[in-house]
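For chain L, the structure is supplied; the task is to place chain P on it using the hints.
Protein chains: 2
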Amino acid sequence: MSKYWNELTASLVPYVPGEQPKDQQYIKLNTNENPYPPSPKVLEAIRNATNADLRLYPDPNCDQLREALAGYYRLSKEQAFVGNGSDEILAFAFQAFFSASKTILFPDITYTFYPVYADLYGLNYETIPTDDEFNIDAERFCVPNGGIIIPNPNAPTARFMVVDQLKIILDANPDQVVIVDEAYIDFGGESVVSWVKEYPNLLVVQTLSKSRSLAGLRVGMAFGHPDLIEGLNRVKNSFNSYTLDRLALAGAVAAIKDQSYFEETNRKVIATRERTSEELKRLGFRVIESKANFVFISHERLPASEIFSTLKRRGILVRYFNKPRINEYLRVSIGTDEEMDALVSALTEIVQPS
Amino acid sequence: MSKYWNELTASLVPYVPGEQPKDQQYIKLNTNENPYPPSPKVLEAIRNATNADLRLYPDPNCDQLREALAGYYRLSKEQAFVGNGSDEILAFAFQAFFSASKTILFPDITYTFYPVYADLYGLNYETIPTDDEFNIDAERFCVPNGGIIIPNPNAPTARFMVVDQLKIILDANPDQVVIVDEAYIDFGGESVVSWVKEYPNLLVVQTLSKSRSLAGLRVGMAFGHPDLIEGLNRVKNSFNSYTLDRLALAGAVAAIKDQSYFEETNRKVIATRERTSEELKRLGFRVIESKANFVFISHERLPASEIFSTLKRRGILVRYFNKPRINEYLRVSIGTDEEMDALVSALTEIVQPS
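These protein sequence lines map, in sequence, to chains L and P.
Position 274, counted from 1, in the first sequence is what numbering that gives the first Met the number 0 calls 273; the numbers after and before it change by one each time, with no gaps.
Position 223, counted from 1, in the second sequence is what numbering that gives the first Met the number 0 calls 222; the numbers after and before it change by one each time, with no gaps.
Watch out, some of these pointers could steer you wrong.
[What the hints assert, rightly or not] Taking lysine-lysine pairs in the DSSO-like style, the calculated list, with each CA pair at most 30 Å apart, reads:
(1) 76(L) <-> 21(P)
(2) 21(P) <-> 40(L)
(3) 2(L) <-> 166(P)
(4) 311(P) <-> 76(L)
[To be verified] Not the full set, but computed from the structure, chain L residues with beta-carbon under 10 Å of chain P:
(5) 2
(6) 33
(7) 50
(8) 238
Don't read these hints as lab results, they were simulated from the structure.
The beta carbon of each residue, even a glycine, is placed where N, CA and C say it ideally should be.
Next comes chain L alone, as it looks inside the complex (with noise of 0.2 Å):
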């Protein structure tokens, strides 16, 4: 506490990210980071902008890399945002769409960004209750609220919502904005990124952080109608002019234009997500069906928090929420072929000591 902050800054509970530790090698399986590298395309359209350029500003509405996106999801540039990852394009929505009078609404079990955000703008909100199966139920948010937050699949429970579902809450909100968050989409989910077309209250957020294997270069998109996208500009540009920088420009384009490698990379992650949610199955765990790049499990008699604090001594680190109704289960990112066996043969010895 400083008598320089003012009653926000004191009142703040930051989030805060899965651990980078730097004290040894781990087999990191806490942050939902791609096994696989990054498109060499990517790498290599990194180093051709590595270059004296660099002395000169992006260009700061991000033409080129917002008419990729568009090419991609056959939209318009007009309908497509970009940012310093998906956290930063969450961050301007929750602060141009929201208001402090009316409460919005998201899940009880997500995404613990989404309640941080409200509280940094002032917003008040209402979780509502997902099911013993973590689904999350649409017709609870067919109610007075102003505005929603929907991640698909959900965090930190890989649990996919049919889009029909959405669609539901789509109706029933004209007069609100639905944010449907993306961000582990492309491991088996669907979009609906092509129904900004017709739902002028949509606004879907991406990443490349996950299927893309770009975590560390910091670029997340956002598709809605133009007004949105404005609404989202409009803010942006009243807090920084230049939020990406021109190499994640060069990288992001190459990135969205390689779309054999992303096709390749995915169906590995998603080949080793299945296999491993089979064996974890076996070793009597609770296996929530997944459709991001993690899994969630939970161990029909053995703590979580043991569980997690016995693999990190191994050298794996995975991710424990201490938070009600969760604290029985860990977020587990599916690494390579090699290091998921790793990680069996832990809980092997683990659950089956001998």
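Chain P in isolation, oriented as in the chain L frame:
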């Protein structure tokens, strides 16, 4: 206007950065970019960081860069903060330290992003008139207020305020945060970074965009008492955990470490500025004494708007602000000697038609 925008979004008047035209090649003297490329060591560091690790998140605490900056300025890491350009840091500072209930102060002629931040965070501000020479009068900042921001050198005037005057402001406002925006400090001004050890109310903001030739990389930094830095971190970590990507971090560390390249390019910019200033005076321009990498000039006879348009037609871009008190001035970035020769020769034809 859209029904989905909240009251704030509808009311915003975003900052407008200098134009980055794509229609033709210009001699670009409108956004204060450095005419010299970044240090070769910066490009090498970025190329080395362009590897498979881009799949991993960056260090959210940016420890290596903060350590490099702390070493450079003989401070501790806890006295340093880094962000996505100094613009992002200024936004965080406005949000963290200023309150709607108390009026903040800044000069009437200054960086036009300050009132935009104030509006974004619902802050009241009062502008303190500079004199006819655009000097800032320290005494006028010694009145009740909720915080102060002083750019030194000022933009777009290029005028430097002797640091004794800043001392007056800091001493008179022990309970308010005083931000000194040193974006242009390395071109002949005297930095007050070392004062953060004595003044718990002082936050000094700098950038790699100008004197390190890295406008395209988006790296800014701030120095202050650990309490102020923690305040910035609370806001930043409630907004976006990772605002600097791996490439920006690698390039920034290399930039801070290459002192000799930095000194050499700055010396060249300053020499060109001094020479150009003399030539402009010979052409009948009033040139405000500059300690920045740009000059603020006004012609004794010709309207600034007219000179601006004629230069643009001739392929030379400078910055014109159509605002009270400065609408007879042009802000001209210092380019290479060749670029400034082209400018002077164009201006010679414009002001002395044969």
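For each hint, the structure was consulted:
1. As the CA atoms of residue 76(L) and residue 21(P) are separated by approximately 17 Å, the hinted pair is consistent with the 30 Å bound.
2. Straight-line distance between C-alpha atoms of residue 21(P) and residue 40(L) comes to about 25 Å, which keeps the hinted pair within the 30 Å bound.
3. Of the pairs offered as hints, the one joining residue 2(L) and residue 166(P) holds, with about 20 Å between alpha carbons and a cut-off of 30 Å not exceeded.
4. For the hint pairing residue 311(P) with residue 76(L), the CA-to-CA distance comes to about 28 Å; that is within 30 Å, so the pair holds.
5. Interface restraint check: residue 2(L) against chain P, minimum CB-CB distance 7 Å, threshold 10 Å, status holds.
6. Nearest Cβ of chain P to the Cβ of residue 33(L): about 5 Å, under the 10 Å cut. The hint holds.
7. A least Cβ separation of about 7 Å between residue 50(L) and chain P falls short of the 10 Å threshold, and the interface hint therefore holds.
8. Residue-level restraint check for residue 238(L) holds (minimum Cβ-Cβ distance to chain P is 5 Å; threshold 10 Å).
The structure fails none of the hints (numbered hints given earlier).
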